[in-house]
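> Number 81 in the numbering used here belongs to position 81 of the sequence shown; there are no gaps in the numbering.
Mixed in with the good hints, there may be bad ones.
[Stated by the list, open to error] Listed next, the in silico EDC-like pairs over lysine to aspartate or glutamate satisfying Cα-Cα at most 16 Å (straight line): (1) LYS50 to GLU67; (2) LYS51 to ASP71; (3) LYS82 to ASP45; (4) LYS15 to ASP60; (5) LYS51 to GLU21; (6) LYS70 to GLU47; (7) LYS82 to GLU21; (8) LYS15 to GLU47; (9) LYS70 to GLU48; (10) LYS15 to ASP71; (11) LYS23 to ASP60; (12) LYS82 to GLU47; (13) LYS82 to ASP60; (14) LYS50 to GLU21; (15) LYS56 to GLU21.
None of these hints come from the bench; they were simulated from the model.
All values derive from a computational prediction rather than experimental measurement.
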Amino acid sequence: MILACSSLFLCHYAKFATVAEAKAKAAYFLGSISSFGLNYPAVLDLEENKKGANKKILTDAALAFLEAIKDAGHTAMLYTGKSFLI
């Protein structure tokens with residue numbers, strides 16, 4: 001899900017539990033924002049863990065998502081709480 005969190009950045013609300021899912025969501029997000037010509041961060045909004053992934057897997061998945069954003073030439077940013085990641 002893509003959210004216009006503010007006029008300063010766009011967010012993707014995380015609903016993944018594996019690295020493969022995170023990479024697929026990143027590809028979708030990048031395709032969705034490609035027409036925006038971003039000059040500001042693309043944000044991964046990780047506030048829930050509804051699929052019950054453990055912290056190691058969720059951390060790896062978040063990093064995979066953020067790396068895909070960075071590799072596409074965007075500034076990647078993470079919005080989360082410390083209880084989700086290692």
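> State for each hint whether it applies.
Checked hints:
The suggested pairing of LYS50 with GLU67 is violated, with an alpha-carbon distance near 23 Å, which exceeds 16 Å. Distance restraint check for LYS51 and ASP71: the Cα-Cα separation of roughly 27 Å exceeds the 16 Å cut-off, and the hinted pair is therefore not satisfied. Taking the CA atoms of LYS82 and ASP45, the gap is near 13 Å; set against the 16 Å cutoff, the hint holds. Of the pairs offered as hints, the one joining LYS15 and ASP60 holds, with about 14 Å between alpha carbons and a cut-off of 16 Å not exceeded.
For the hint linking LYS51 to GLU21, the alpha-carbon distance of about 12 Å falls within 16 Å, and the restraint holds. A C-alpha spacing of about 21 Å is found between LYS70 and GLU47, which places the hinted pair above 16 Å, so the restraint is violated. Restraint check for LYS82 and GLU21: not satisfied, since their Cα atoms lie roughly 21 Å apart, outside the 16 Å limit. A threshold of 16 Å between alpha carbons decides the hint, and for LYS15 with GLU47 the separation of about 9 Å falls inside it, so the pair holds.
Simply put, LYS70 and GLU48 have alpha-carbon atoms about 23 Å apart, too far for the 16 Å limit, and the pair is violated. The hinted pair formed by LYS15 and ASP71 fails the criterion: a straight-line CA distance of about 21 Å is larger than 16 Å. The suggested pairing of LYS23 with ASP60 holds, with an alpha-carbon distance near 11 Å, which does not exceed 16 Å. Among the hinted pairs, LYS82 with GLU47 is consistent with the structure: their alpha-carbon atoms are about 10 Å apart, no more than 16 Å.
For the hint linking LYS82 to ASP60, the alpha-carbon distance of about 14 Å falls within 16 Å, and the restraint holds. Of the pairs offered as hints, the one joining LYS50 and GLU21 holds, with about 14 Å between alpha carbons and a cut-off of 16 Å not exceeded. For a cut-off of 16 Å, the pair hint linking LYS56 to GLU21 stands: about 15 Å separates their Cα positions.
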